[in-house]
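**Student:** One line per chain: the protein sequences are A and B, in this order.
By the count of my numbering, the first sequence reaches residue 345 at its end, each step adding exactly one.
By the count of my numbering, the second sequence reaches residue 345 at its end, each step adding exactly one.
Hints are supplied without guarantee of correctness; some may be wrong.
Since copy identity is lost for identical chains, a pair holds within one copy or between any two.
Claimed, not checked - Each computed SDA-like pair below joins lysine to any residue, with the alpha-carbon atoms no more than 20 Å apart: (1) 138 x 105; (2) 138 x 260; (3) 111 x 61; (4) 138 x 125; (5) 135 x 302; (6) 23 x 43; (7) 138 x 258; (8) 138 x 186; (9) 135 x 258.
Quick caveat, the hints were computed from the structure, so don't treat them as lab data.
Small disclaimer: the values here were computed from a predicted structure and weren't measured.
Number of protein chains: 2
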Amino acid sequence: MQINPPYLMFLGDVPDALAAKTAAGIVDWRRDWCLGQLRLPGCQADLGIPDLTVAEAAAKGCRTMIVGIVNAGGLLNESWIATITAALEAGMDVASGLHIRLGADERIKHAAFANGRQLFDVRVTDQRFDTGKGTKRPGLRLLTVGTDCSVGKKYTALALERTMRERGLDADFRATGQTGVFISGRGVAIDAVVADFISGAVEWIAPAAAPDHWDIVEGQGSLFHPSFAGVTLGLLHGAQPDAFVVCHEPTRRAMRGVAHPLPSIGEVIDLTVRCGRLTNPAIRPVGIAVNTQQLAEADAQAYLAEAAAEHGLPATDPIRFGVAGIVDRMEAEFPRATGERAA
Amino acid sequence: MQINPPYLMFLGDVPDALAAKTAAGIVDWRRDWCLGQLRLPGCQADLGIPDLTVAEAAAKGCRTMIVGIVNAGGLLNESWIATITAALEAGMDVASGLHIRLGADERIKHAAFANGRQLFDVRVTDQRFDTGKGTKRPGLRLLTVGTDCSVGKKYTALALERTMRERGLDADFRATGQTGVFISGRGVAIDAVVADFISGAVEWIAPAAAPDHWDIVEGQGSLFHPSFAGVTLGLLHGAQPDAFVVCHEPTRRAMRGVAHPLPSIGEVIDLTVRCGRLTNPAIRPVGIAVNTQQLAEADAQAYLAEAAAEHGLPATDPIRFGVAGIVDRMEAEFPRATGERAA
């Protein structure tokens, strides 16, 4: 799956900003790819980018319209069909993160076929993968792991990619969730893969690479989440990370959607190392990323200082304070073969 | 999915006994359900049960024809189509463990529809599950786990069910693989479920039950297998077992399909307890099941005695020596509420 930017962001008639959070995540990280938004009457979200019609978007060079909408049930609204078919007729591909296939609607299917365009259903995969082999691949890999779902694993991975690239390091974000796929134009929503192929799909997502190349793999779930730990473990084994960063949200009391308490950062480090050794005996933590938005700045700094001291690792809030300290640690632990270090 | 016995076992024209191993497993454990076999010219397998035509099987009361065949690619052979449609026309349902849907062939699809019969594709599931919740359910559960794939987890679970029932215990085998589904007439091939729903599917397979009821859940893979550990962990969390049995094959040097060495029994016990605590804090091992077929009887007994002493658990080969010792341990650790103990 290779989704071609630039994008027209289709928001439909969503009732609030949260329903457009996939689209907002794409704009946060790939502003240059997002030439405009298309909002239907009644739309209550605004990405802060130009409003474009389908014709205007096509004229500006948009290659794909992204259905960046989260709705209950993941279904296609009847009110969206005309815009989607118009985009296909104007020469754009259409990509969606809904649970239903775009092609399940005959009008969309026909318009795509008649105009030779592609439909991308990021949440529904037909792609066949091999089962994972667990064989060590060349290249370096970092995985973001978490004490829970939705604690900043994608954001941390993207922040690492950006900072590493600024330093001249050869780093690629590797998406494993729908928003990440739209942000990078490739990848697989790993939670939609058939269970037997989780680790195999991740081996495909983060393939063999040059010895100095870093794949920054977006984590999913938590080894301690009773709904999703299987996905997390398959992802860990497939990614065979050399390094990992633990992501955490310190004010959350129960894991998302269930009654279980969050594990400690130390518990996550221990179990990640214990399980990760299977496909990479040298696996090690290189940092802690904390979402401190619920804390005042002084409290946030105190929390991070304590976490850093307790675990002997750089600890930061990627949004508030950046990830330079974690990248410093990566560069120290994994010096480049040439010995040079970018300024 | 509820597959109705009795069965006609369809072997097609398989080239050897191994290609009929699903069918052989069903006959091993449900001889009474298997009224006969149907073999096409050239078939090199024999289940040792009567050869029946479709008409004879229907007359004897067979309700389902099982396509009990493993072939490369999991495809439908053209030579099987006429027999499958004849079975549907004779009033039987047809169930298959192939990777392709029976209904992918238009002739089969049409015959099922025209005759009001059901097609069961055990390896391809459309069933929607909830995500796992990890909430403790009433009833007792045992899970068979392993140092590797194919070390006797299904066989051990079925042997436990049989011995427990002989003692008057209320026990049900819960299938998580295709052969197990045919043996029990229900269940889900868990490796075919979408990754997000592994633990949720197992919560559905082994639902809330009476306090003295045992679900004996068939394990899959190994927490130490780099291809399938995600499935194993989701299964462990969904089953939330009170007790587990570790299955092992002592002469195997590498895990199936990969280069990794087998973990020790002790490593499997430790990691199973550590991860299983998440959904059942009281999880504990109650036995070790070793496939000793490669060992002489004296060597087998010595191996089992050593394993029992090392881990403080009953150790047996279920085929050679039965599972009475493990059931003794279960009865001692989980006394029935009434206090009575069957003879």
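**Student:** Each hint: holds or not?
**Tutor:** Quick rundown of the hints versus the structure:
Taking the shortest Cα distances, residue 138 and residue 105 never come within 20 Å of each other, neither inside one copy (38 Å) nor across copies (40 Å). For a Cα distance limit of 20 Å, the shortest separation of residue 138 from residue 260 across copies, 12 Å, qualifies, whereas the shortest one inside one copy, 35 Å, does not. For the identical chains of this complex, residue 111 and residue 61 are neighbours neither inside a copy (23 Å) nor across copies (47 Å), given an alpha-carbon limit of 20 Å. Proximity of residue 138 and residue 125 under a CA criterion of 20 Å is satisfied in neither setting, with 29 Å inside one chain copy and 30 Å between copies.
Proximity of residue 135 to residue 302 under the C-alpha cut-off of 20 Å is found in neither arrangement, the shortest distances being 41 Å within a copy and 32 Å between copies. For the identical chains of this complex, residue 23 and residue 43 are intra-copy neighbours only, at 19 Å inside a copy versus 60 Å across copies, given an alpha-carbon limit of 20 Å. For the homomeric pair residue 138 and residue 258, the shortest alpha-carbon distance between copies (17 Å) is at most 20 Å, but the shortest distance inside one copy (33 Å) is not. With identical chains, the CA atoms of residue 138 and residue 186 are never at most 20 Å apart, being 25 Å at best within one copy and 40 Å at best between copies.
Proximity of residue 135 to residue 258 under the C-alpha cut-off of 20 Å is restricted to the inter-copy arrangement: shortest distance 10 Å between copies versus 31 Å within a copy.
The structure is inconsistent with the numbered hints 1, 3, 4, 5 and 8, although it conforms to all the rest.
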